[in-house]
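The chain contents come next:
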Amino acid sequence: MDSKASYWDRLTGSRVTRRRALQMAGVAGASAGAIAVVGCSSGSSSNKTPSASGSPAAGATAAKPVPGGTLHGTVSLVLGMDPMKASTFLTHALASYSYSRLMRFKTQLGELSQDQWYVAEPEVAAKVENPDPLTYVFTLRPDVKFHNVPPVNGRKVGAKDVVYSFERYRSVSPNKGNLAFVDSVTASADDTQVTFKLKEPFGLFLNRIASFQDLWIMPREFIEQSEDAANKSMLGSGPFLFDKYEPNVVMAWKKNPDYFEKDAAGNALPYLDAVNLAIITDQNQVLSQFAAGALDTISLPPKLVESFKGQNASAVIDQSPRNIMSMMIFEPASYTSAKPPFNDERVRQGISRAIDRDGLLGLVSKAGGVWPNMPINGGFGKSWWLDPKGSDIGAAGANYQYSVAEAKKLFAAAGVTEINVPMHFSSTVYTTIVPYYDIVRQALPAMLKDAGVTVKEVPEEYGTYIGTTFLGKFDGCAFSLESVFSDIAAYWQNMFNAPDQGGGRNHSSVADQTLRDNIKKMVQSQSVDDIKKQNFELQKYVSSKMYYVPVITPVEYGARTPKLQGVVNSTGPTTYALGTESSLHLNFKA
Amino acid sequence: MRQYIFRRLVLAVPTLIGVSILIFSLLHVLPGDLVQQLAGDNQVTPEFRAKTEHDLGIDGPKFPLSVSGSAPFVQIHKDNQYTHWLKGVMTLDFGLSLRDRTPIAHRLRDTLPVTMEMALLALIISLLIAVPVGIISAMRQDTIIDYVARSISIGFLAVPTFWLGTMIIVYSSLWFSAATPVPQQYAQIWDDPYANLKYLLFPFGGFVPVGPSVLLGVSLSGTVMRLMRTQMLEVLRQDYVRTAWAKGLRERTVVINHCVKNALIPVVTVVGLQVPILVGGSVIVESIYAVPGMGQWFFQSIGFRDYTAVQAIAFISALAVVASNLIVDVTYAYLDPRIRYG
Numbered sequence: 000m001d002s003k004a005s006y007w008d009r010l011t012g013s014r015v016t017r018r019r020a021l022q023m024a025g026v027a028g029a030s031a032g033a034i035a036v037v038g039c040s041s042g043s044s045s046n047k048t049p050s051a052s053g054s055p056a057a058g059a060t061a062a063k064p065v066p067g068g069t070l071h072g073t074v075s076l077v078l079g080m081d082p083m084k085a086s087t088f089l090t091h092a093l094a095s096y097s098y099s100r101l102m103r104f105k106t107q108l109g110e111l112s113q114d115q116w117y118v119a120e121p122e123v124a125a126k127v128e129n130p131d132p133l134t135y136v137f138t139l140r141p142d143v144k145f146h147n148v149p150p151v152n153g154r155k156v157g158a159k160d161v162v163y164s165f166e167r168y169r170s171v172s173p174n175k176g177n178l179a180f181v182d183s184v185t186a187s188a189d190d191t192q193v194t195f196k197l198k199e200p201f202g203l204f205l206n207r208i209a210s211f212q213d214l215w216i217m218p219r220e221f222i223e224q225s226e227d228a229a230n231k232s233m234l235g236s237g238p239f240l241f242d243k244y245e246p247n248v249v250m251a252w253k254k255n256p257d258y259f260e261k262d263a264a265g266n267a268l269p270y271l272d273a274v275n276l277a278i279i280t281d282q283n284q285v286l287s288q289f290a291a292g293a294l295d296t297i298s299l300p301p302k303l304v305e306s307f308k309g310q311n312a313s314a315v316i317d318q319s320p321r322n323i324m325s326m327m328i329f330e331p332a333s334y335t336s337a338k339p340p341f342n343d344e345r346v347r348q349g350i351s352r353a354i355d356r357d358g359l360l361g362l363v364s365k366a367g368g369v370w371p372n373m374p375i376n377g378g379f380g381k382s383w384w385l386d387p388k389g390s391d392i393g394a395a396g397a398n399y400q401y402s403v404a405e406a407k408k409l410f411a412a413a414g415v416t417e418i419n420v421p422m423h424f425s426s427t428v429y430t431t432i433v434p435y436y437d438i439v440r441q442a443l444p445a446m447l448k449d450a451g452v453t454v455k456e457v458p459e460e461y462g463t464y465i466g467t468t469f470l471g472k473f474d475g476c477a478f479s480l481e482s483v484f485s486d487i488a489a490y491w492q493n494m495f496n497a498p499d500q501g502g503g504r505n506h507s508s509v510a511d512q513t514l515r516d517n518i519k520k521m522v523q524s525q526s527v528d529d530i531k532k533q534n535f536e537l538q539k540y541v542s543s544k545m546y547y548v549p550v551i552t553p554v555e556y557g558a559r560t561p562k563l564q565g566v567v568n569s570t571g572p573t574t575y576a577l578g579t580e581s582s583l584h585l586n587f588k589a
Numbered sequence: 000m001r002q003y004i005f006r007r008l009v010l011a012v013p014t015l016i017g018v019s020i021l022i023f024s025l026l027h028v029l030p031g032d033l034v035q036q037l038a039g040d041n042q043v044t045p046e047f048r049a050k051t052e053h054d055l056g057i058d059g060p061k062f063p064l065s066v067s068g069s070a071p072f073v074q075i076h077k078d079n080q081y082t083h084w085l086k087g088v089m090t091l092d093f094g095l096s097l098r099d100r101t102p103i104a105h106r107l108r109d110t111l112p113v114t115m116e117m118a119l120l121a122l123i124i125s126l127l128i129a130v131p132v133g134i135i136s137a138m139r140q141d142t143i144i145d146y147v148a149r150s151i152s153i154g155f156l157a158v159p160t161f162w163l164g165t166m167i168i169v170y171s172s173l174w175f176s177a178a179t180p181v182p183q184q185y186a187q188i189w190d191d192p193y194a195n196l197k198y199l200l201f202p203f204g205g206f207v208p209v210g211p212s213v214l215l216g217v218s219l220s221g222t223v224m225r226l227m228r229t230q231m232l233e234v235l236r237q238d239y240v241r242t243a244w245a246k247g248l249r250e251r252t253v254v255i256n257h258c259v260k261n262a263l264i265p266v267v268t269v270v271g272l273q274v275p276i277l278v279g280g281s282v283i284v285e286s287i288y289a290v291p292g293m294g295q296w297f298f299q300s301i302g303f304r305d306y307t308a309v310q311a312i313a314f315i316s317a318l319a320v321v322a323s324n325l326i327v328d329v330t331y332a333y334l335d336p337r338i339r340y341g
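Residue numbers (numbering that gives the first Met the number 0), protein chains in the order written: chain U, 0 to 589; chain X, 0 to 341.
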């Protein structure tokens, strides 16, 4: 070895004792801590003030639309492409890009006022006649064509296609109970009219036909190509032509150049040239892509809104009440065999009064939200949802007011000194799709504890949850979400009727015959105004019974690039019919 | 050697059959019903269940044998789901996904190379980091270099991969408004090698190595580096190494020709054991970086009770582990001439 070793050889070759190493580590650690403290304080003082953002007031008109451009969005999962065989809203939401319905929910260029939410308007139908309560005759538009793709090659959509679609729906759809009251569907000889005959009157029939879960119009020759044709591709008469689907990569569509609809100025709809949905499951990845400009629109978890505003000052943030009901449900034995404690409505009312809904809304997001009624939540708008905080609800409104003392009084009046039960919940999927679910689920036990209710949390993986607890196979109570429907009648029937009478969501086997009779009376009324009145009365009734205890309806947020305009503010139908209600009027500013 | 490899391949068959029985059994005792999942929130009517089970091919007996409490106590089912599936596997026909009815083989063709490439790159990166650093650390024992290297390796071990990946994604968008490529920008290595390597190694461009393979490789390197260092220290104290020094050989010659090969033998064992860790770790990294690989698909399939997909992926993973361990054993013979397989 060279005796005159270089400086670096001496430095790297010299032994460092353990004491010396620890000393050096301590100095390094203290320096890093000092830098962190300085960095944080200088960082916070330089945070940008969030820009003023939010949806324009209802009724405001959009800027002049500009045709062209590709919408880059994201979806977390694609669970099959056949909207008739699928049961998930994810599939139904995507179906409206390529498929049409006889009716759809109102959409327009410009904002919708609340009383325009969930209003059915014709899509493929040109007009609807209702000669008697059991008959609806739809006259089809003559200019609606299927996509110009083999094997349909752009042929006209006729009444026979509607009949075929209905027959298929009845044969394969897990949702077919939604149209079980339809007796027959027939096509006229000239193929321009389709007649629905009902077994019993149903006042919200047009809303039911507009539902994104049910009657999509599909061509026979496409479906019959192979058993899984509709699961591998999409071919309908919707505003977008299916382009490609690569699992866990992308789902994409191109504009349908032959789409029948035009805007008021005569421009062809849709305005967009293409839609490209990247399949990304990680929320951080989604936010990162948006910040980098790779995505034009994303949904935003409430908790991230403030930090998002600080980092994306130019982004526009839209908000609207979420349309997924969160609720506490009780074991079926409470109603089927009067098992205490939840068999007593005072106990259920006490549970409701022990929940600080405003506190939960504040926990979820600064913008808060509204209190849902049972079973109608704020996402339906004030035409259908009876605000528990308002005066119209009457005495039943007291059951929503937070008061631990009153909750305890109610428990005492019911002769219940201690409540100690399991609380089941879904530990996966819900937590991804509905971010507020987990926040509320974690807060509930402490809230209930204050009122003397001890719940033991029982997490269940989604597959287990949906196969057991959601179907009523549970003990104690559960914190749950409700499926989304397009009309209020579906909620009433599903949640309170018997299973063989359409009660597919009667999680707790509630069997209130008075309630069922009134629901039947309501849905058979032919006057929408009368249905609304009866709907409010029923909400008052179940608010006193508290068969299910509704929790919160927080605000839902979406973020978009400021270039994107034409966003409709209602998140009810537009969340679940992305192609038509949501995307038909989307366009990019010049 | 050929005989040994052949014997190992033959012995792998009962291992894989045992793994397949275990996977199949565990899947089918999971609570949660696939038919109910397909029905979503709707009540499952008996006719819907019967039709769906028949369409999916899950309406028959599950296993070749069933045991009951009454006579006949043991029943043999020639036509059963397990045998049907196993026959398909022999011909590389893994059936259709129960969830979306797409051929599993097609999805495997698209996703398996992605995950395997990511894992292989991760392994190479971990070795490229760990072996030289372990050697230098041992050669410069108790110097600043040694302490720094050991501290870094502990850091790599202690910091969770998913946290580090999330921080990279979050801070890149926060500070630089940069994002990793989206899944449709992924290209197979034979289609566009540059885009492919960029996606897995330098997703932000500029040869900044923060990609998913780098993340996985770095997290693995801690263990290997520590082991390499320990083995090198042991080998350096051997008499033959002292003889080599005494003969006046250069440091590089002593280390590379006399020490490294012997020190690598236990390291190779550990590297082989890291293959299952890579397969498992790929689920999280693929999700964070939006890599269209097998890991994400596996995780989703378990949640949706897509039995055929889960069985296929688990089987392929087991195959990969068996193959990697065979490669490890063969590598021993190369590293140590005393080890001979007859």
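Treat the hints as calculated values from the structure; they're not laboratory data.
Be aware that a few hints might be false.
Claimed, not checked - A short, non-exhaustive set of chain U residues, derived as facing chain X with CB atoms under 7 Å:
1. Glu166
2. Pro173
3. Gln288
4. Ala291
5. Gly462
Quick caveat, the model's predicted, so the values are computed rather than measured.
We put the CB at the ideal spot given by N, CA and C, even for glycine.
Status of the hints after comparison with the structure:
1. Contact between Glu166 (chain U) and chain X, as hinted, is not supported at the beta carbon level, the nearest pair being about 16 Å apart and thus beyond 7 Å.
2. Annotation: interface hint on Pro173 (chain U) holds; nearest CB of chain X at approximately 4 Å, less than 7 Å.
3. Annotation: Gln288 (chain U) was flagged as interfacial toward chain X, and the flag holds, the nearest CB pair being 5 Å apart, inside 7 Å.
4. Evaluation of the Ala291 (chain U) hint against chain X yields a held restraint, the C-beta minimum of about 3 Å falling below 7 Å.
5. The beta carbon of Gly462 (chain U) is positioned within 7 Å of a beta carbon in chain X (closest approach about 3 Å), and the interface hint is therefore held.
The structure shown violates just one earlier hint, number 1.
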